[in-house]
Amino acid sequence: MKIYQVDRAIVSTNRIASMDHKPLLLVRERADGTPMVAVDAVGCKPGDWVLCVGSSAARDATGTKAYPSDLTIVGIIDNWEG
Amino acid sequence: MKIYQVDRAIVSTNRIASMDHKPLLLVRERADGTPMVAVDAVGCKPGDWVLCVGSSAARDATGTKAYPSDLTIVGIIDNWEG
Amino acid sequence: MKIYQVDRAIVSTNRIASMDHKPLLLVRERADGTPMVAVDAVGCKPGDWVLCVGSSAARDATGTKAYPSDLTIVGIIDNWEG
Amino acid sequence: MKIYQVDRAIVSTNRIASMDHKPLLLVRERADGTPMVAVDAVGCKPGDWVLCVGSSAARDATGTKAYPSDLTIVGIIDNWEG
Amino acid sequence: MKIYQVDRAIVSTNRIASMDHKPLLLVRERADGTPMVAVDAVGCKPGDWVLCVGSSAARDATGTKAYPSDLTIVGIIDNWEG
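Each protein sequence line maps, in turn, to chains D, U, C, S and G.
Here my numbering is used: the first residue of the first sequence is 4, the next is one more, and so on.
Here my numbering is used: the first residue of the second sequence is 4, the next is one more, and so on.
Here my numbering is used: the first residue of the third sequence is 4, the next is one more, and so on.
Here my numbering is used: the first residue of the fourth sequence is 4, the next is one more, and so on.
Here my numbering is used: the first residue of the fifth sequence is 4, the next is one more, and so on.
A hint or two may mislead.
Repeated chains share a single entry, so a pair holds when one copy, or any two copies, can fit it.
[Claimed, not checked] Pairs of lysine-lysine, DSS-like flavour, derived with a Cα cap of 30 Å:
| no. | residue 1 | residue 2 |
| --- | --- | --- |
| 1 | Lys-5 | Lys-25 |
| 2 | Lys-5 | Lys-68 |
| 3 | Lys-5 | Lys-48 |
| 4 | Lys-25 | Lys-68 |
| 5 | Lys-48 | Lys-25 |
These are calculated hints, taken from the structure and not from any lab test.
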């Protein structure tokens, strides 16, 4: 798994139906890192350092079987300064 | 998921049957980024900033189960300047 | 999906049985790019610019279910100068 | 598979239920490498050089079918100086 | 698929049971490349240039269904100077 920091929510009103309304968060490995978008399965807030799973594991980790995700937040890390 | 900008449609007349006629779009992370090809499951136009899913999730996200894709556009991002 | 140019055929006489006799082609993203090996599911010739799918989608895209491939050529691109 | 060195345990008290209580370890390819988080399926200690599997194989390798992992420690390497 | 050169065998006495006793080989893309570990499904010797498959295809390619591998040697390449 990778460690990212939560930046903010991202909105995609026009999206495929199977994504329904799960929260999408912009995350970065470092402040100047490439922004990625992760499905939030835990309930995070901006600034949290989080644990993200990718590959096929990301799908069920959202809580919905075979959900169309390849990056899902599965935990908030205790005590991490980045 | 990754954020890309739509460049234009790409045509591959000679392709495997299981790809049938889903639209293929050229996308880039940055203007000088490596061009990738994504299946458009939303209905985008050039210049749109879009949300793309990869890995095994990309397959069903096209709307056709087990479609031969490893990168599928699943949403248009509201308010994104890149 | 990624865009590659076909270089030439590659031969691996001593290979696992489940690969049977599907053609293997050496492909590169750029002339000086790292050579990769793709299964040809379309029928290409050296110099063709082709569309390659990876991840689990590459397996069925060969035309044989669960074939041991992680990179399969699924189309020849019309009008691509690289 | 990739070779990593175990740094230390990492704690994520607030995590998705399906991760239950499997140990999570911080691992690096090199001392200055990007820290990754792997599920420990073997029982390692800091300093161990370990073999990690990724992709969909990482899930069952934890010992729990379809576990939400994309990086799992599957062995401790004998005689490896890094 | 990727092309690697076989360096030598690697030993991991303490490993998960489902890996049983398949040979693990250290492989590199180039002499100074990052060492990776692949399951040998063909029977190679040091110095051989080999074809390796990754992603979910690597699992069945070992000859054991759903084996915990994400990199498996599936062929020895005829005439390859690297």
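Next item on the list: Can you give me the call for Lys-5 and Lys-68, within, between, both or neither, at a CA distance of at most 30 Å?
Entry: Both: 22 Å inside a chain and 21 Å across chains, each within 30 Å.
Next item on the list: Can you give me the call for Lys-5 and Lys-48, within, between, both or neither, at a CA distance of at most 30 Å?
Entry: both (18 Å within a copy, 20 Å between copies)
Note to self: Regarding Lys-48 and Lys-25, is the shortest C-alpha distance of 30 Å or less found within a copy, between copies, in both, or in neither?
What the structure shows: both (15 Å within a copy, 25 Å between copies)
Notebook entry, point to check: With identical chains treated as interchangeable, where does the CA-CA distance between Lys-25 and Lys-68 reach 30 Å or less: within a copy, between copies, both, or neither?
Noted result: Both: 13 Å inside a copy, 21 Å across copies.
Check: Is it within, between, both or neither when you check Lys-5 against Lys-25 at 30 Å Cα-Cα?
Finding: both (21 Å within a copy, 16 Å between copies)
Checked against the numbered hints above, the structure violates none of them.
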